[in-house]
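Colleague: Residue-level listing of the chains:
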Amino acid sequence: MNPSKTFNTQSAPHIPNNNTVAKVMLTVWLALIPAMIAHVFFFGTGIIIQLTLSIVFALGFEAMSLKLLNKPIKLFLKDYSAFVTGLLFALCISPVAPWWVSFIGMFFAIVVAKHLFGGLGQNIFNPAMVGFAVVLISFPQSMSIWLAPHEISPYAMSFLENLQAIFLNQFPASITFDTLTQATPLDSIKTGISQGFSQSEISSQPLFGDFGGLGWEWIANFYFLGGLFLIYKRIITWRVPAAVILTTIAFSLPFNIYDADHFIGPIQHLFSGGLMLAAFFIATDPTSGCSSHKGQLIFGAGVAIMIVLVREFGNFPDGVAFGVLLMNMAAPLIDKLTIPKAFGQQADE
Amino acid sequence: MVNNSNQINANHLHSFSGGLKLKHHKNDSLQNGLSRLTLPEKLYISLRINRGNIAKPIVNIGDRVLKGQIIAKPDTANGSYIHASSSGTVTAIEERTTASPDADISTVIEISTDGKDEWIKLIENNILEKIKTCTARNIIDAIHDGGLVGLGGAGFPTHLKYKSKDNEVHSIIDTLIINGAECEPYITCDEQLMIDYPDDLINGTLLLMKASGASQAVLAIEDQVGGIKTRLEHILKLRQIEKIVVIKVPTIYPAGGEKQLIKVLTGQEVPSGGLPLDLGIIVQNVGTIKALSDFVSRGQPLVERVVTVAGDCIGKAQNFITAIGTPINHLLQQAQCDFDATQRLVIGGPMMGYAMPDAAIGIDKTSNCILALSAKNTQQHGETMPCIRCGECVNVCPAELLPQQLHWYINGGNLEKAREHHLFDCIECGACAWVCPSQIKLVDYYRYAKSELKYLDYKREKSDIAQNRHEQREDRLLRLKNERAAKRKRTRRRSNDPDKMKLDLQATLDRVNAAKKSKTDNREQMNESK
Chain A
82 MNPSKTFNTQ SAPHIPNNNT VAKVMLTVWL ALIPAMIAHV FFFGTGIIIQ
132 LTLSIVFALG FEAMSLKLLN KPIKLFLKDY SAFVTGLLFA LCISPVAPWW
182 VSFIGMFFAI VVAKHLFGGL GQNIFNPAMV GFAVVLISFP QSMSIWLAPH
232 EISPYAMSFL ENLQAIFLNQ FPASITFDTL TQATPLDSIK TGISQGFSQS
282 EISSQPLFGD FGGLGWEWIA NFYFLGGLFL IYKRIITWRV PAAVILTTIA
332 FSLPFNIYDA DHFIGPIQHL FSGGLMLAAF FIATDPTSGC SSHKGQLIFG
382 AGVAIMIVLV REFGNFPDGV AFGVLLMNMA APLIDKLTIP KAFGQQADE
Chain B
3 MVNNSNQINA NHLHSFSGGL KLKHHKNDSL QNGLSRLTLP EKLYISLRIN
53 RGNIAKPIVN IGDRVLKGQI IAKPDTANGS YIHASSSGTV TAIEERTTAS
103 PDADISTVIE ISTDGKDEWI KLIENNILEK IKTCTARNII DAIHDGGLVG
153 LGGAGFPTHL KYKSKDNEVH SIIDTLIING AECEPYITCD EQLMIDYPDD
203 LINGTLLLMK ASGASQAVLA IEDQVGGIKT RLEHILKLRQ IEKIVVIKVP
253 TIYPAGGEKQ LIKVLTGQEV PSGGLPLDLG IIVQNVGTIK ALSDFVSRGQ
303 PLVERVVTVA GDCIGKAQNF ITAIGTPINH LLQQAQCDFD ATQRLVIGGP
353 MMGYAMPDAA IGIDKTSNCI LALSAKNTQQ HGETMPCIRC GECVNVCPAE
403 LLPQQLHWYI NGGNLEKARE HHLFDCIECG ACAWVCPSQI KLVDYYRYAK
453 SELKYLDYKR EKSDIAQNRH EQREDRLLRL KNERAAKRKR TRRRSNDPDK
503 MKLDLQATLD RVNAAKKSKT DNREQMNESK
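Protein chains in written order, with our numbering: chain A, 82 to 430; chain B, 3 to 532.
Don't read these hints as lab results, they were simulated from the structure.
Hints are supplied without guarantee of correctness; some may be wrong.
To be verified - The list that follows gives simulated cross-link-like pairs (lysine to aspartate or glutamate, EDC-like), each with its CA atoms no further than 16 Å apart:
no.	chain 1	residue 1	chain 2	residue 2
1	B	231	B	244
2	B	123	B	147
3	A	155	B	198
4	A	417	B	422
5	B	23	B	244
6	B	419	B	454
7	B	250	B	225
8	B	44	B	30
9	A	104	B	385
10	A	422	B	402
11	A	152	B	385
12	A	86	B	342
13	A	86	B	143
14	A	159	B	116
15	B	318	B	340
16	A	417	B	385
17	B	75	B	143
18	A	375	B	402
19	A	422	B	427
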């Protein structure tokens with residue numbers, strides 16, 4: 082025994098918990114794996130290439146920004162936040178989008194939306210959605226070309242053919258471009274309605290499944306399951322997803338009842354496009370969202386209302402990015418107006 | 003406003019929001035039971051009572067003191083006595099590190115023990131008789147004389163709790179809550195007391211009910227605790243005491259926090275900035291009650307307490323009856339501590355305790371637990387990451403605050419904003435810092451902001467006083483000036499009246515002549531005397 086030994090005097094708490102930002106991010110990744118597998122199943126291996134591209138670009142821009150800003154590179158790369166940004170971005174774009182889409186998207190996501198605003202935890206806007214909105218507005222053509230789900234596609238592209246499509250913009254010669262690719266279900270609805278077709282006529286096309294788009298609805302199911310896993314792991318709370326889903330139903334239902342031919346039904350809304358992904362993985366981004374519990378409900382509701390409005394009345398087929406970004410802007414104000422009553426405070430204060 | 007009907011029903015408990023489920027680590031020390039620690043060669047008795055309250059020594063170096071003798075008295079009404087915890091000689095009175103929050107430096111009396119452990123003359127009483135005959139005043143005096151402070155942590159002098167603002171006995175208390183919910187991991191000293199001294203506990207509770215005027219008492223324990231409830235209820239039944247009930251509360255950290263415990267039992271929230279008193283409740287720690295019982299029945303003041311020694315570097319974790327002032331070293335040795343492996347030495351629990359810089363520090367009345375933790379079992383704060391606002395701290399905060407928002411405000415120097423977000427309702431339980439994935443030492447930020455704001459308030463108060471004084475002075479000068487002006491005006495008005503003027507003039511002339519005359523007379527007298 083050494084009686085004069087001195088000890089570490091850090092402040093409490095003393096026992097370890099070992100929760101880290103990296104663990105949070107990796108759990109998000111884990112929760113996305115089933116949806117990714119479903120994506121590969123329905124739309125082929127293109128998504129794997131897109132994921133790889135986005136993640137590589139995301140990490141590259143992250144490292145570059147950190148270096149330029151003189152921040153510790155290794156420490157921040159290990160938090161996996163850029164990795165998750167890349168992941169979410171890739172899941173939003175077409176599996177055969179050209180390679181430069183993710184390059185530009187990630188530049189705006191990581192360099193502009195994240196690091197120019199101060200880096201991890203300081204971004205006002207969700208980086209993946211900023212990247213996605215930029216490419217969506219700039220290259221609507223490239224963004225709207227989707228593959229047909231394999232059940233109705235006459236041809237399954239091999240991995241190599243996917244690579245050729247993404248990097249060289251060369252599609253298999255043996256089959257026409259139009260049969261290979263297909264508009265997204267939401268796109269088809271938008272064009273269908275503008276051409277005078279009714280909702281039921283449109284959704285009887287082979288592109289549609291039981292609730293939403295064929296294939297899409299399954300991916301949405303897996304996003305839902307992954308989201309439940311995140312709630313179980315306490316990475317997110319139920320508030321934002323519940324607000325998004327319930328508001329979507331509540332807000333779209335009156336339109337649908339009023340005129341079922343021209344307005345999308347609530348179920349179709351939920352299982353199409355990026356809504357499920359947004360509800361559980363994007364609108365739940367804590368950094369750019371609301372922190373008070375009441376604020377989270379308002380935030381989720383706002384996202385859902387924007388999505389429905391864009392889909393029904395806007396020029397773009399889907400409104401996930403716009404809904405999230407708009408609410409990101411409103412988040413600080415919402416937080417300010419929804420400071421919760423603390424323990425022992427009078428409720429009317 | 004006092005609600006005089008705190009309804010407490012074991013079948014209808016409430017809950018507080020947030021909280022954590024932690025590993026208990028309680029069996030390690032409980033399985034080895036309670037034993038009396040051998041007397042150390044030297045006792046280091048800290049004169050720090052609680053924050054800002056330090057007693058003044060009334061003994062000198064070289065004095066022989068007896069166990070139980072008062073060696074320091076408070077110099078304000080907000081203090082309590084400090085007694086020698088064994089017999090021996092005072093060998094030093096100096097400033098040293100104490101076992102207090104942040105290892106404060108404070109006056110310490112060092113006693114070299116003589117091994118006789120000789121008591122002062124003790125007055126024994128039949129406690130059951132006492133319970134029947136004594137008045138509330140008697141008990142409060144006993145609490146004062148016994149040097150009792152809250153043994154649960156803060157060390158608040160107990161007698162102050164039982165007096166109202168005008169120094170009277172309370173008339174608004176209906177419920178006494180005995181806090182046996184040791185919610186922090188490892189600590190078992192209260193549970194050990196409840197196991198070994200159930201009768202003392204009940205006697206002490208009866209005394210405090212009398213002192214407070216409470217009509218009911220609730221002994222709250224955590225539901226992970228074993229057979230204590232059955233045993234206590236058995237004794238209560240035998241003694242036909244119905245006004246004390248034992249209630250198990252869910253084991254969620256920090257269920258033993260005063261405000262949280264009241265919420266769980268009564269469903270009421272102590273108002274922000276208020277006290278349990280505002281709800282007609284007094285909360286008292288188990289250890290304090292045992293100490294009161296000891297003093298009333300045997301005349302022994304608070305000179306020893308039960309201390310849990312535990313942690314993964316302790317060979318034999320155990321509860322020890324320990325003399326106040328016993329150096330941590332001595333306790334660690336008895337508990338077979340592996341000093342080389344110990345990386346952190348904590349006084350108190352792992353969530354709110356304070357790391358001590360070395361082991362040559364004497365325990366004080368509030369030291370409920372000593373933890374020796376290895377690096378493996380300690381929160382290692384590597385690199386703190388920025389806050390990602392994940393909100394997990396919001397989910398666990400028992401005070402229903404927005405910890406991450408507070409952190410942003412404090413980090414940005416916007417302390418007033420933090421106050422607006424109810425910073426002062428933070429109980430510093432550490433739940434937020436524990437769950438934080440960015441490993442931000444959140445509680446440190448809150449402590450800093452609180453003390454900074456208190457300082458700013460103090461400064462503002464002082465400058466307000468100064469400004470007030472300045473304004474009053476200005477007012478006074480103005481008033482005097484006006485009064486003078488008015489007076490001058492009055493004289494001038496008088497001088498407009500010619501008759502009066504003549505009279506005034508005559509009077510003045512008379513006065514001048516008289517003065518002249520007396521002057522000349524004086525001079526003549528002086529010349530004569532020359």
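Colleague: If a hint holds in the structure, say so; if it doesn't, say that too.
Modeller: The hints, checked one at a time:
Using a Cα cut-off of 16 Å, the hinted pair residue 231 (chain B) and residue 244 (chain B) holds, with the two alpha carbons roughly 14 Å apart. In summary, the hint linking residue 123 (chain B) to residue 147 (chain B) is supported, as the alpha carbons are separated by about 14 Å, within the 16 Å threshold. Of the supplied pair hints, the one linking residue 155 (chain A) and residue 198 (chain B) is violated, its CA atoms being roughly 55 Å apart against a limit of 16 Å. A hinted pair counts as satisfied when its Cα atoms are at most 16 Å apart, and residue 417 (chain A) with residue 422 (chain B) qualifies at roughly 11 Å.
Our distance criterion of 16 Å between C-alpha atoms is broken by residue 23 (chain B) and residue 244 (chain B), whose separation comes to about 33 Å. Proposed proximity of residue 419 (chain B) and residue 454 (chain B) is supported: the alpha carbons are some 13 Å apart, at most 16 Å. A distance of roughly 5 Å separates the Cα atoms of residue 250 (chain B) and residue 225 (chain B); the hinted pair therefore holds under the 16 Å criterion. Simply put, residue 44 (chain B) and residue 30 (chain B) have alpha-carbon atoms about 28 Å apart, too far for the 16 Å limit, and the pair is violated.
Annotation: proposed proximity of residue 104 (chain A) to residue 385 (chain B) holds, straight-line Cα distance about 15 Å (limit 16 Å). Our distance criterion of 16 Å between C-alpha atoms is met by residue 422 (chain A) and residue 402 (chain B), whose separation comes to about 7 Å. Of the supplied pair hints, the one linking residue 152 (chain A) and residue 385 (chain B) holds, its CA atoms being roughly 13 Å apart against a limit of 16 Å. For the hint linking residue 86 (chain A) to residue 342 (chain B), the alpha-carbon distance of about 9 Å falls within 16 Å, and the restraint holds.
Simply put, residue 86 (chain A) and residue 143 (chain B) have alpha-carbon atoms about 43 Å apart, too far for the 16 Å limit, and the pair is violated. Distance restraint check for residue 159 (chain A) and residue 116 (chain B): the Cα-Cα separation of roughly 60 Å exceeds the 16 Å cut-off, and the hinted pair is therefore not satisfied. Note on residue 318 (chain B) and residue 340 (chain B): the hinted pairing holds, with a Cα-Cα distance of about 10 Å set against a maximum of 16 Å. Distance check on the hinted pair: residue 417 (chain A) and residue 385 (chain B) sit about 30 Å apart at the alpha-carbon level, beyond 16 Å; violated.
Our distance criterion of 16 Å between C-alpha atoms is met by residue 75 (chain B) and residue 143 (chain B), whose separation comes to about 15 Å. For the given pair, residue 375 (chain A) sits about 13 Å from residue 402 (chain B) by alpha-carbon distance, which is consistent with the 16 Å threshold. Taking the CA atoms of residue 422 (chain A) and residue 427 (chain B), the gap is about 11 Å. The hint holds against a cut of 16 Å.
Checked against the numbered hints above, the structure violates hints 3, 5, 8, 13, 14 and 16; every other hint is satisfied.
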